[in-house]
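Colleague: One letter stands for each residue in the lines below.
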Amino acid sequence: MNMIEAINSGLDNMMARDDDVVIMGEDVGYFGGVFRATAGLQEKHGKTRCFDTPISECGIIGVAVGMAAYGMRPVPEIQFADYIYPGLDQLVSEAARLRYRSAAEFTSAITVRSPFGGGIFGGQTHSQSPESMFTHVCGLKTVIPSTPYDAKGLLISAIEDNDPVMFFEPKRIYNGPFTGYYDKPVEPWSKFEASEVPEDYYKIPIGKANIVREGEAVTVLAYGTMVHVANAVVEEHGIDAEVIDLRTLVPLDIDTIEESVKKTGRCLIIHEATRTSGFGAELSALVQERCFYHLEAPIERVTGFDTPYPHSLEWAYFPGPVRIGEALDKIVGELTS
Amino acid sequence: MAEDNSKTNLPPLSLHVPEPKYRPGDTVDYSDVTIPRAGDQPRPDVNSAPAAMREMVYDMVRVLDDDYKAVGPWDPKLSDDTLLKMLKTMAQVRAFDDRLHRMQRQGKTSFYMKCTGEEATSVAAAMALDSDDMCFPSYRQQGILFVRGYPMVEMINQIFSNREDKLKGRQLPIMYCSRRLGFFSISGNLATQYPQAVGWAMASAAKGDTRIAATWCGEGSTAEGDFHSAMTFATVYNAPIIMNVVNNQWAISSFSGFAGGERTTFAARAAGYGIAGLRVDGNDPLAVYAATQWAAERARTNNGPTLIEHFTYRADAHSTSDDPSAYRSAQEREEWPLGDPITRLKRHLIHRGVWSKEQHEALDKECIEAVKVATKEAEKNGILGHGLHQPFETMFQDVFEEMPWHLKEQSEQANKEREIKWPDAEASK
Ligand SMILES: Cc1ncc(C[n+]2csc(CCOP(=O)(O)OP(=O)(O)O)c2C)c(N)n1
Numbered sequence: 074m075n076m077i078e079a080i081n082s083g084l085d086n087m088m089a090r091d092d093d094v095v096i097m098g099e100d101v102g103y104f105g106g107v108f109r110a111t112a113g114l115q116e117k118h119g120k121t122r123c124f125d126t127p128i129s130e131c132g133i134i135g136v137a138v139g140m141a142a143y144g145m146r147p148v149p150e151i152q153f154a155d156y157i158y159p160g161l162d163q164l165v166s167e168a169a170r171l172r173y174r175s176a177a178e179f180t181s182a183i184t185v186r187s188p189f190g191g192g193i194f195g196g197q198t199h200s201q202s203p204e205s206m207f208t209h210v211c212g213l214k215t216v217i218p219s220t221p222y223d224a225k226g227l228l229i230s231a232i233e234d235n236d237p238v239m240f241f242e243p244k245r246i247y248n249g250p251f252t253g254y255y256d257k258p259v260e261p262w263s264k265f266e267a268s269e270v271p272e273d274y275y276k277i278p279i280g281k282a283n284i285v286r287e288g289e290a291v292t293v294l295a296y297g298t299m300v301h302v303a304n305a306v307v308e309e310h311g312i313d314a315e316v317i318d319l320r321t322l323v324p325l326d327i328d329t330i331e332e333s334v335k336k337t338g339r340c341l342i343i344h345e346a347t348r349t350s351g352f353g354a355e356l357s358a359l360v361q362e363r364c365f366y367h368l369e370a371p372i373e374r375v376t377g378f379d380t381p382y383p384h385s386l387e388w389a390y391f392p393g394p395v396r397i398g399e400a401l402d403k404i405v406g407e408l409t410s
Numbered sequence: 322m323a324e325d326n327s328k329t330n331l332p333p334l335s336l337h338v339p340e341p342k343y344r345p346g347d348t349v350d351y352s353d354v355t356i357p358r359a360g361d362q363p364r365p366d367v368n369s370a371p372a373a374m375r376e377m378v379y380d381m382v383r384v385l386d387d388d389y390k391a392v393g394p395w396d397p398k399l400s401d402d403t404l405l406k407m408l409k410t411m412a413q414v415r416a417f418d419d420r421l422h423r424m425q426r427q428g429k430t431s432f433y434m435k436c437t438g439e440e441a442t443s444v445a446a447a448m449a450l451d452s453d454d455m456c457f458p459s460y461r462q463q464g465i466l467f468v469r470g471y472p473m474v475e476m477i478n479q480i481f482s483n484r485e486d487k488l489k490g491r492q493l494p495i496m497y498c499s500r501r502l503g504f505f506s507i508s509g510n511l512a513t514q515y516p517q518a519v520g521w522a523m524a525s526a527a528k529g530d531t532r533i534a535a536t537w538c539g540e541g542s543t544a545e546g547d548f549h550s551a552m553t554f555a556t557v558y559n560a561p562i563i564m565n566v567v568n569n570q571w572a573i574s575s576f577s578g579f580a581g582g583e584r585t586t587f588a589a590r591a592a593g594y595g596i597a598g599l600r601v602d603g604n605d606p607l608a609v610y611a612a613t614q615w616a617a618e619r620a621r622t623n624n625g626p627t628l629i630e631h632f633t634y635r636a637d638a639h640s641t642s643d644d645p646s647a648y649r650s651a652q653e654r655e656e657w658p659l660g661d662p663i664t665r666l667k668r669h670l671i672h673r674g675v676w677s678k679e680q681h682e683a684l685d686k687e688c689i690e691a692v693k694v695a696t697k698e699a700e701k702n703g704i705l706g707h708g709l710h711q712p713f714e715t716m717f718q719d720v721f722e723e724m725p726w727h728l729k730e731q732s733e734q735a736n737k738e739r740e741i742k743w744p745d746a747e748a749s750k
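Chains as they are written, first to last, in the numbering used here: chain A, 74 to 410; chain B, 322 to 750.
Wrong hints could be hidden among the right ones.
Coverage of chain A stretches by chain B, computed from C-beta distances (three or more under 8 Å per stretch; other residues unrestricted) [stated by the list, open to error]:
{"id": "1", "region": "127-133"}
{"id": "2", "region": "143-154"}
{"id": "3", "region": "173-182"}
{"id": "4", "region": "205-216"}
Here are the computed lysine to aspartate or glutamate pairs in the DMTMM-like style, where the Cα-Cα straight-line distance is at most 20 Å [said to hold, decoys possible]:
{"id": "5", "chain 1": "A", "residue 1": "K276", "chain 2": "B", "residue 2": "E618"}
{"id": "6", "chain 1": "B", "residue 1": "K528", "chain 2": "B", "residue 2": "E618"}
{"id": "7", "chain 1": "B", "residue 1": "K528", "chain 2": "A", "residue 2": "E369"}
Here are some chain A residues pointing at chain B (derived, C-beta under 7 Å) [claimed, not checked]:
{"id": "8", "residue": "V136"}
{"id": "9", "residue": "G139"}
{"id": "10", "residue": "S166"}
{"id": "11", "residue": "E167"}
{"id": "12", "residue": "P324"}
Simulated from the structure, these hints should not be mistaken for lab results. Since we're looking at a predicted model, the values are computed, not measured. The beta carbon of each residue, even a glycine, is placed where N, CA and C say it ideally should be.
Take these sequences, add in the hints, and give me the full structure.
Modeller: Put into structure tokens, the structure is as follows:
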């Protein structure tokens, strides 16, 4: 399965298992979503389980919070992460804090799914990576998969989670992993092991990172599309890097990170989102606080630039192999040659 | 394309900024407020199409006439017992508000909000609902909790944020919550409860339940996007919900004109969405009851949502942080043409021969005494600012279902600081 099919399968499994799981969003019903992630679900599970909504993100999220207060498990889709902002207050002030302010009398077991990230010529309004806005909010969990297998397992965990989860799907890798070389053809997921996704229910726990590549020379922290870009660059330069796919930003798997950086003594952080106040800043601070005496080089960050996502200069903006290679060179210089 | 110089003779455009009719010191004249005769308004069938009853959004449903008799097709024909319960509950709410407002002035809590003059819009409305219907209130609907029997001591514990506060001292005073009584957690962010209530109602419908939802906001809050999103969702999915707009004329110091009230009624918002709308005399408890009952029956029979505008007046300050004499004429309250809801119901019951002035005086005393007793009881659990009422761990609980490592670390930090900052503090565990 590719990532879209895996997400579809995760939703399908959960709808079959639990009547309280409902899907709602712009175009998700009859049509099955603009990325087809919900294709066939309305036909299979009925119009009241998977339905289209008005174009009102405030309404979609507010209504989902109310449905969750009733006892359901809504999975609202925001068509592109760039369009979450009209619904932001319902997430930040309501969903995130309902459990706290009601002393757990009411909870918002909602999973907000949304495609995010760039690299598809989506321009400013179809390319943003807003995850750090949500990691800053107390009470929200933030999950980002990087493979079809993970996407399904993490999504099922998110839907079963009793807390509100932001589930960001890296749309650049919906159909196949992306190495950062925009001028080379993308290979489909079918060629990779992670595309072997069981039809049935399975879970990947929220809050557990994945060491996708073991190594001794440097720890590379990445998530979503950037896991694949990092892997490609590391391989190309023949660096003995340990690449960690964070999978979940909140709650973060600090133990895995700490252990790895203490072993390698070096750390590179990569994300697509803009640099200033991005999640990389948090990661960098944590690594510094916990591993300072083990560090043999300054922590480096590779990120998007602090500009809106440019349409025509997309590939100049994207934190690709050149930017990552340079950073690695800075950290593990003597190893690259 | 118009010619370049075609506009040279036009006066310049001008911007309209609404201004209330009266400011402090002004003499109030309510003669332009149209108050139709009680009993004159038609009562459409609950399954009428919204388009067939469009005039209702400009009219005003009234039951009590100038002689305090109940008249017309909207008379809900309630029993003496029910009406007496309504009167007593409203009187109790008012006595509660008066005392708790004073407690804030005495420094026992940080904040308080009264609903003086608006008691009918929550008490009569809640009485017309089933006890298991779900309410998504704003901050002036304490009356619902009184109708549903929430103990006053619990309310005061919340207001004092003391050690018995069910919400663990996390919410601003009066931001109550009771799942058991169908009273949703109040948000300080205006109008957010509107789409949530619609979502709850949609879930109830999707599950084939029989319960409906009701929500309340002020007329000022109708300008929020949430209100309009909620209206759209309610109409699109025919949600079983009653959406109450309590038009008390003032949103802190801004008069209703800043929410669009100069040009049309708030009930008329319903017409634009194709849903049923009623404008009601909000100081007439019988009219509020009748309208709510009508809308509830409509919702319960799959005839969809209703918007009810309660035309009323905020007789007191917005909150303990507000001084209305700084922005409105003192006469406004005195001369409010729809009177006071408690007085009107009292006179109605006296007129019916089931109540008397003496009984009412005794009731007021009883209500004051009951709050006094409840307050004393609650004070035993502490007041705001006196003592560290909640164990510090509670600050970190309920952010998530399970506490992640970073909150555990911060919780330990807070407890360590406690020993340094308050070495003598009695552990309130
Ligand atoms: C989103 C938001 N904006 C502003 C405020 C500050 N605020 C609190 S009450 C209020 C006035 C509300 O007026 P209205 O809706 O008419 O209700 P009323 O107080 O008259 O009952 C304002 C502006 C808030 N709580 N939330």
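Colleague: Compare the structure with each hint and give your call.
Modeller: Verification of the supplied hints:
no.: 1; hint: 127-133; result: holds (count 4)
no.: 2; hint: 143-154; result: holds (count 4)
no.: 3; hint: 173-182; result: holds (count 8)
no.: 4; hint: 205-216; result: holds (count 3)
no.: 5; hint: A:K276 to B:E618; result: violated (45 Å)
no.: 6; hint: B:K528 to B:E618; result: holds (18 Å)
no.: 7; hint: B:K528 to A:E369; result: violated (59 Å)
no.: 8; hint: V136; result: holds (3 Å)
no.: 9; hint: G139; result: holds (2 Å)
no.: 10; hint: S166; result: holds (5 Å)
no.: 11; hint: E167; result: holds (5 Å)
no.: 12; hint: P324; result: holds (4 Å)
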